[in-house]
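2 protein chains.
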Amino acid sequence: MQFELSTEMMDGLKQAIEEQNATYIKDGLYDLYAPDIALIINQLNIEQAAYIYELLDDEVAPNVLLELDDDTREKLLATFSSKQIAEQIDNMDSDDAADVISELPEDIQEEVLSHIEDIEQASDIAELINYDEGTAGSLMAKELVSVYAFETVSQCIEEIRKQADNVDVMYAVYVVDNNEKLIGMLSLKKLIISHPLARIEEIYEPDVQSVKTTTPSEEVSEFMQKYDLVVLPVVDQLGRLVGRITIDDVVDVMRETADENMPRMSGISDDVDTNDKLWRLSRARIPWLLVGMCGGIVGSRIIGTYEESIKIHPEMAYFIPLIGAMGGNVGVQSSAIIVQGLANNSLLGDNITPKLIKELGVGLINGLICAGLIWGYAFLIEDWRLAATVSSALLTVILCASFLGTFVPLTMNRFKINPALATGPFVTTLNDIIGSTIYFLMGRMLYSVF
Amino acid sequence: MQFELSTEMMDGLKQAIEEQNATYIKDGLYDLYAPDIALIINQLNIEQAAYIYELLDDEVAPNVLLELDDDTREKLLATFSSKQIAEQIDNMDSDDAADVISELPEDIQEEVLSHIEDIEQASDIAELINYDEGTAGSLMAKELVSVYAFETVSQCIEEIRKQADNVDVMYAVYVVDNNEKLIGMLSLKKLIISHPLARIEEIYEPDVQSVKTTTPSEEVSEFMQKYDLVVLPVVDQLGRLVGRITIDDVVDVMRETADENMPRMSGISDDVDTNDKLWRLSRARIPWLLVGMCGGIVGSRIIGTYEESIKIHPEMAYFIPLIGAMGGNVGVQSSAIIVQGLANNSLLGDNITPKLIKELGVGLINGLICAGLIWGYAFLIEDWRLAATVSSALLTVILCASFLGTFVPLTMNRFKINPALATGPFVTTLNDIIGSTIYFLMGRMLYSVF
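These protein sequence lines map, in sequence, to chains A and B.
Take 312 as the starting number for the first sequence in the working numbering and just add one per residue.
Take 312 as the starting number for the second sequence in the working numbering and just add one per residue.
One or more hints might be untrue.
Copies of the same chain are indistinguishable here, so a pair counts whether it falls within one copy or spans any two.
Below, computed lysine to any residue pairings styled on SDA-like, alpha-carbon distance capped at 20 Å [to be verified]:
(1) K588 <-> I680
(2) K622 <-> R755
(3) K669 <-> W590
(4) K669 <-> A595
(5) K492 <-> Q520
(6) K473 <-> T707
(7) K622 <-> E693
(8) K537 <-> D563
(9) K523 <-> E491
(10) K325 <-> N353
(11) K537 <-> L710
(12) K501 <-> E512
(13) K588 <-> L675
(14) K622 <-> D694
(15) K537 <-> D382
For the record, the hints were derived by calculation from the structure and aren't laboratory data.
Go ahead and model the full structure; you've got the sequences and the hints to work with.
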């Protein structure tokens, strides 16, 4: 069902590009949708990409441009003149056109805008690129059909007919009052089944949800998900209808948000993917590795203070990795649950005590199981004092890790810091240090008393 | 903009429930949308929930039911008779109704179906609950408008008018041939702007994408995202139109998929959230903790073989946690990037060698930075032999972890095992063991030679 990019296909295309075999390429791409063609172009070098792009249908080309990787698009557009760029974005939806333009260098932006033939499109784009990234304004498109409440169904249909060329996909018509303030909506279905002479004010749905241009993208995304909306009108500070956001734009926001948390929790500080350059990948990871190093050094100083104990009881050292690893594991488990709950909005209310108690309950159960097992093992293999040290330290470390894994992300969230960002690194490093301390403290106590 | 649940509001409602103050409750809930009312009911005990649910408008109640947490819905429905359940789902979309019914015990399912008044709805539901969970069939709804290619625009509008009550939201009309095979679609916009006597076959769009009832949900979700689709028709094995999937159902699938990976990578084996019971939370986490324990025990045996070295050079023990932690950190970073790339489909082709080389490159850069720093530290604080041991072991461990963190998830993925499932636990434990081994091996070598 879904298009799969094969090595044979890529090889065939590359050869055809070399031989300038335009017919072969056009035939090969004829059946494909824009996202699939973009997938192919992403794999090519810039000369090959430009050659293929040149051969695309005028209708398909702008859609392919939109689906390209940011890197590839930037390089491809750099080979175009301002006029050529203007031609490509002239027929795009205004939000997509604004996205493409805002990626260009500032001096070129104006040039491109001046070359756009459709004056309305140019002014829409000029408006849209002014909204801050990460707000509803930057997500919205200007293409929409609005009618006055006093108009009739047939006037409304006439309006739709006029705008049909501009608005690609249409789900609803918006109803505004004389001051352009959004007062309701009308589904196309309702429009179709209503009498042509019926007045809009008699049939429209006054209960319409909207967001402001300044509403943050994440809130828009949550809002549309929660209320299962496919399209959402955007109003300015005075309540006037200025644009609309469709679900496909929000799906991208959702994916970005979901994609952000895992790398953050894994100690990767920047948005990188496997296709990025080596030094960028290194730079994104080194900060947290350095945090881990500092933690390790603090740990080494702590263990260092027990030098004499280790000399007499070297078996104490055997279980250092186990204590550290288990603290880390439990801490990550606890914080993952909390980070996810916060991302999902499934954690309600701001009373964190019950959550802490529950996590400590889970920690106690699992801690007792693990401590019991390790006690049995160490008792059989080593001696009872080591067994008592390891098992009691393990239980304490698991309880500590449960507490920190819950408390740290909740607290960070309260102070408006992304809990995923530092939870992984912070919790793991802290647990390592606390683990070593507890372990040697208990060991020295037990060995010195008995 | 968005509804916020306040403690005052909850307290007010609870008191009103106690006093059976129906007017207060109705007034309080009047302005709210179904998802918000569901949010409130989720926080109540089952008697309170049932009381409030009883007071809801007939139109709002089914939507609230759909938005409730699975647990709450199950408990609430258990207080209903089969006839009452049937009344609630009679007006739901068929896919939602099927979801609710399939959660009920088998014997009750038939009873409920027999009480549904709308025969067509009952037979649609009976069909839908037969599709396997996780397939397009289980996601789709039966509500759609289809027309024959030989019909006219005005016949088509007549059909829409007839079905208007059943189909809540409509984006397009599907075109089928005489054998009910899907051959194209027609947007409502196109329908509105076309002449009433135009034949469908003259104006429809023959290029329509569809999936089969057996297509896996994740594929449906990827497909709709990739091609920016709002609605997708579903056909049976013979190509006959049987239903349609809307983007809001797929958004849920997306969220579930995104939500799955983080807990898996954090060593949580089951779908749990903070609201689950204590023993369920414990049980979901203990398997990986036991894996970690086994790894720790293996580690202890390895260190145990170096007992003599530790007695003479107890400072060797100081850096055990650092080596282990750094191996873990690097491994998790590498595997997170790969798991995310696999989830995103941004990893193309099946040649893993270039990815391994790149990861090893990143590992080498970061390993050299970390090893250099720790060498400086250990040289200043301890002695050159320990510095050489720690730094060379650290570099080796980081390289190993980069390799494993890349190789393990890619290999698991090739064998169709969810790479997130065992990557976290597996990679971390393996790194711990390898880390200790390398560290002590190098230490003994250096100390025995010099």
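Okay, the hints, checked on the actual structure:
Taking CA atoms no more than 20 Å apart as the test, K588 paired with I680 passes between copies only; the shortest distance there is 18 Å, against 45 Å inside one copy. Taking CA atoms no more than 20 Å apart as the test, K622 paired with R755 passes in both settings, with 12 Å inside one copy and 16 Å between copies. For the homomeric pair K669 and W590, the shortest alpha-carbon distance between copies (10 Å) is at most 20 Å, but the shortest distance inside one copy (43 Å) is not. Proximity of K669 and A595 under a CA criterion of 20 Å is satisfied inter-copy only: 14 Å between copies versus 35 Å inside one chain copy.
Taking the shortest alpha-carbon separations for K492 and Q520, only the intra-copy value of 13 Å comes in at or below 20 Å, while the best inter-copy value is 38 Å. Within a single copy, K473 and T707 get their C-alpha atoms no closer than 72 Å, and across copies no closer than 68 Å, so neither meets the 20 Å cut-off. Proximity of K622 to E693 under the C-alpha cut-off of 20 Å is found in both arrangements, the shortest distances being 16 Å within a copy and 17 Å between copies. Taking the shortest Cα distances, K537 and D563 sit within 20 Å of each other both inside one copy (16 Å) and across copies (10 Å).
In this homomeric assembly, K523 and E491 come within 20 Å of each other (Cα to Cα) only inside a single copy, at 15 Å, whereas the closest approach across copies is 45 Å. For the homomeric pair K325 and N353, the shortest alpha-carbon distance inside one copy (13 Å) is at most 20 Å, but the shortest distance between copies (58 Å) is not. Taking the shortest alpha-carbon separations for K537 and L710, neither the intra-copy value of 36 Å nor the inter-copy value of 45 Å comes in at or below 20 Å. In this assembly of identical chains, K501 and E512 lie within 20 Å of each other by CA distance solely inside one copy; the values are 13 Å within and 24 Å between copies.
Taking CA atoms no more than 20 Å apart as the test, K588 paired with L675 passes between copies only; the shortest distance there is 14 Å, against 45 Å inside one copy. Taking the shortest Cα distances, K622 and D694 sit within 20 Å of each other both inside one copy (17 Å) and across copies (18 Å). For a Cα distance limit of 20 Å, the shortest separation of K537 from D382 across copies, 19 Å, qualifies, whereas the shortest one inside one copy, 33 Å, does not.
Going down the numbered hints, you'll see the structure goes against 6 and 11, while the others check out.
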